[in-house]
Amino acid sequence: MAGAEVTEVAVVGGGPAGLSAALAARQAGAKVIVVDENAAPGGQLRKQIHKFFGSKEHHAGRRGFRIAEELVAACREQGVELWTDTLAYGIFDHTLGIVRGGTASTLAARSIVLATGASENALAFPGCTLPGVMGAGAAQTFINLHRVLPGRRALIVGAGNVGLIITYQLLQAGAEVLGVVEAAPRIGGYAVHAAKIRRAGVPIYTRHTVLNAAGHGELEEVTIAALDENGWPIAGSERTFAIDLLCLAVGLTPLTELAWQAGCLFEYCGPLGGHVPLHSEDMETTVPGLFVAGDMAGVEEASTALEEGRLAGLAAAAYAGYRSPNLEEEKAAARERLQALRSGPFGEGRYLAHEEIVRRWLKWRDAR
Amino acid sequence: MEGRPVAVIECPEEIPCNPCETACPQGAIQIGNPITRRPRLDAARCTGCGLCVAACPGLAIFLVKEEADTAEVTFPYEFLPLPQVGDVVTAVGREGQPLGAARVVAVRQVRTSDGTWLVTLAVPRALSSEVRGMRRL
Numbered sequence: 000m001a002g003a004e005v006t007e008v009a010v011v012g013g014g015p016a017g018l019s020a021a022l023a024a025r026q027a028g029a030k031v032i033v034v035d036e037n038a039a040p041g042g043q044l045r046k047q048i049h050k051f052f053g054s055k056e057h058h059a060g061r062r063g064f065r066i067a068e069e070l071v072a073a074c075r076e077q078g079v080e081l082w083t084d085t086l087a088y089g090i091f092d093h094t095l096g097i098v099r100g101g102t103a104s105t106l107a108a109r110s111i112v113l114a115t116g117a118s119e120n121a122l123a124f125p126g127c128t129l130p131g132v133m134g135a136g137a138a139q140t141f142i143n144l145h146r147v148l149p150g151r152r153a154l155i156v157g158a159g160n161v162g163l164i165i166t167y168q169l170l171q172a173g174a175e176v177l178g179v180v181e182a183a184p185r186i187g188g189y190a191v192h193a194a195k196i197r198r199a200g201v202p203i204y205t206r207h208t209v210l211n212a213a214g215h216g217e218l219e220e221v222t223i224a225a226l227d228e229n230g231w232p233i234a235g236s237e238r239t240f241a242i243d244l245l246c247l248a249v250g251l252t253p254l255t256e257l258a259w260q261a262g263c264l265f266e267y268c269g270p271l272g273g274h275v276p277l278h279s280e281d282m283e284t285t286v287p288g289l290f291v292a293g294d295m296a297g298v299e300e301a302s303t304a305l306e307e308g309r310l311a312g313l314a315a316a317a318y319a320g321y322r323s324p325n326l327e328e329e330k331a332a333a334r335e336r337l338q339a340l341r342s343g344p345f346g347e348g349r350y351l352a353h354e355e356i357v358r359r360w361l362k363w364r365d366a367r
Numbered sequence: 000m001e002g003r004p005v006a007v008i009e010c011p012e013e014i015p016c017n018p019c020e021t022a023c024p025q026g027a028i029q030i031g032n033p034i035t036r037r038p039r040l041d042a043a044r045c046t047g048c049g050l051c052v053a054a055c056p057g058l059a060i061f062l063v064k065e066e067a068d069t070a071e072v073t074f075p076y077e078f079l080p081l082p083q084v085g086d087v088v089t090a091v092g093r094e095g096q097p098l099g100a101a102r103v104v105a106v107r108q109v110r111t112s113d114g115t116w117l118v119t120l121a122v123p124r125a126l127s128s129e130v131r132g133m134r135r136l
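So the protein lines, in turn, are chains A and B. Residues in the first sequence are numbered consecutively from 0, following numbering that gives the first Met the number 0. Residues in the second sequence are numbered consecutively from 0, following numbering that gives the first Met the number 0.
Derived by calculation from the structure, the hints in this document are not laboratory data. Careful: at least some of the hints might be erroneous.
Said to hold, decoys possible - Below, in silico cross-link-like pairs of lysine to any residue (SDA-like), each with a Cα-Cα straight-line distance of 25 Å or less:
hint: 1; chain 1: A; residue 1: K46; chain 2: B; residue 2: D113
hint: 2; chain 1: A; residue 1: K55; chain 2: B; residue 2: Q29
hint: 3; chain 1: A; residue 1: K46; chain 2: B; residue 2: E77
hint: 4; chain 1: A; residue 1: K46; chain 2: A; residue 2: A73
hint: 5; chain 1: A; residue 1: K46; chain 2: B; residue 2: R135
Extracted from the complex, chain B is given alone in its bound form (with noise of 0.2 Å):
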């Protein structure tokens, strides 16, 4: 998926939740019935658009973009204060655990935020499966 940004789903449970597919306008995200089923993504129709990004309760969604040497990595975002775009911020993993400092490219809500906010960082690419969010400010 080089070029475009794709959610990458990172939902290990079955617990009972749905959000993510009912705010897929593409209809890109599957779960069904029962609504404990994991969800299954069809990135071939995603868009990137990020609803299901601010969607998930369980702030487990996130999108890349991976160009050729570089790669962008959006996360959910609900600290204050927020990270200004052009902000040199540090890059952490899964664990928390710092990978670097990261260029923040773009700070965002979209329709389903109601407060939560989209922060992209600009990574090298080799990072893009381990950047999941940032420091807090």
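Bound-form chain A, shown alone (with noise of 0.2 Å):
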């Protein structure tokens, strides 16, 4: 084990919620350490070409790519360090162990932000494991880090606003995409970014599922079927697709390992994707010193993971002994921005599902 290294707030995970804790916590007066798996920073940011929602402080109408380069070279300029290539395998008390270009070593800190985000759900289906069926976020990152189209003509799966981007971004990649298939009988996306791939001539199938793939080697064909009231394919429903490309977009699970491992209380929360560690209204675990944020606390944003990032920074830098002169202001405004965000038809369940985990760990605390 090479030599342990030694900081005062640790994050994994340089994506959206990773950096901009980050930075809170640097610009608090704390030495941050950001390790991160990836080749470079800036997490899913870097394949999002599209243009974000949200307002001006979650820089809204810029193109993800470019708020992970403003991210990155803010974190750069203030004196954060960045270590990417960096595996965060396992946390030991305050203490990370690390494989750092190749070598496994340590990283102790006073207190840790885990930034980790979330992993893309898979589907059952004969043939699904076959060469041309993959996750959106592996189709997004052939398209848009790669540049190389992975399918020419294409079905998705799942009419969330991942799909719905996903599709938009491979006809911009020059794929030809027959269609999007939902189970559920909505659109479970905005409207908009739906309506987008309809004005491009993209069928949306509601109330349909994936029967089968098929091919020789590689995917060269897939049946979908209409679904009845109880969800059971409709025998007569099926049509066939000649594809060599079949994007699944079917949700996202917390990729919460390491909380898990530190010893975390946590709660089954459907809205947020699945089990999230229980956290105070500053990101703060269930063990003290150790904060989350982003995906990884519940699937959200990534202007949602900005803002959480920000509240899990400026409390873990508080934790390791810097006081921001106006914490209190700064964590009421980034709570006031998330509220915002999380309002309206598509926020309000995860916002009471948020609601729910802050009294859980505040029902935790008053009962030590």
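Once you've looked at the hints, go ahead and assemble the two chains, each given alone in its own frame, into the complex.
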């Protein structure tokens, strides 16, 4: 094991939540190191070539990859250390086990922010392991990071925002998208995202599912079917598409391994994507000095990840002994912006879910 | 609003988003608090500059200019290759359905574009509230 490193605030994950946390903690005066397993920081923002929703404070109207560039530049300017190609494989009290540049070592910190994001859900059906069947995020990595078209004729599963956005981006990359298949009776994503792809001539098959995929060594065709009221395929409604790409956009699950290992208490929360660590309004878990932010604390959006990261960063710095002079005002402002982002019919469920997580954290604290 | 282009906002849901309000130099678009409110346009103040069209992340804003018999519809366009002024393309509606041939009268970018083009098609006036895009080339 190489030499152990020590910092004041360690952040795991260099996506919007992690970079925002790092920046806030650094601005409060703490020495901050961000570890990220990827070759470049920015997380999923690097693949987002579309303009973001939100307000000016959330860089709205800016393309996601540009937001990543700005955050990384701000971190570098402020003196945040960004360790890329660095995997955090374990957490032992306030010390991270890491593999950096192929060498195992440790990183000890007074406080730690986990901003590890989420992973894509899979879907099981005959033929789902054929090459050509992949997560929407994988397809996005191909086209937007590596500029490689993973297929020429595609079908998308899932009409949430991720499915609608990958459809549009595949069209931009030059693929033909034959349709979006959605098991629910309604489109889950924003109407404006759906309108973009409908104008481009892509049909959305609600109340439909994938029956199977087939091909010799690689994806050649996919059969879908309509669903009845109980969610069973309707005989005779099958329809087969000759395609070489099937993208699955069927939700995300928080990546919480490190929080489990650290002994955090969890709660299952459907609207937030699965098991999420109980956390306070300051994003502190039930393990003192361990904070969470972004999708791993409940799957939402980049804009909410930025605000949660800010809260976690401010609190982690305060825990490490660096109280921002306007700490309470800054936290109140971030909370207010979070609440605004979680208002409206799309945000309300997530708002209530987060409230419940915080209520449970308070209950845990009061019972101590 | 005859004779000059005016923004048409097709933003049906309460989502947390307000770049259109920020982009408008005339203060013609209002969202306010909370930012999930739907945008309201004061058409009298709209100059048809197109900054909101390129700024809208949902590509949900268009410009419509109506004359006696003809109209011009401007929409955001993010596909390559780009059409050229003078090209005759297939105008499409909200469902991507073809609505006939239309001549491209402008292809431009504005300050808020960052890669998003504004394409303007000349269409019959009867189609001014139907045409919302063109078939990809």
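Status of the hints after comparison with the structure:
no. : hint            : verdict
1   : A/K46 to B/D113 : holds, 16 Å
2   : A/K55 to B/Q29  : holds, 15 Å
3   : A/K46 to B/E77  : holds, 16 Å
4   : A/K46 to A/A73  : holds, 19 Å
5   : A/K46 to B/R135 : holds, 23 Å
Violated hints: none; the structure is consistent with every hint.
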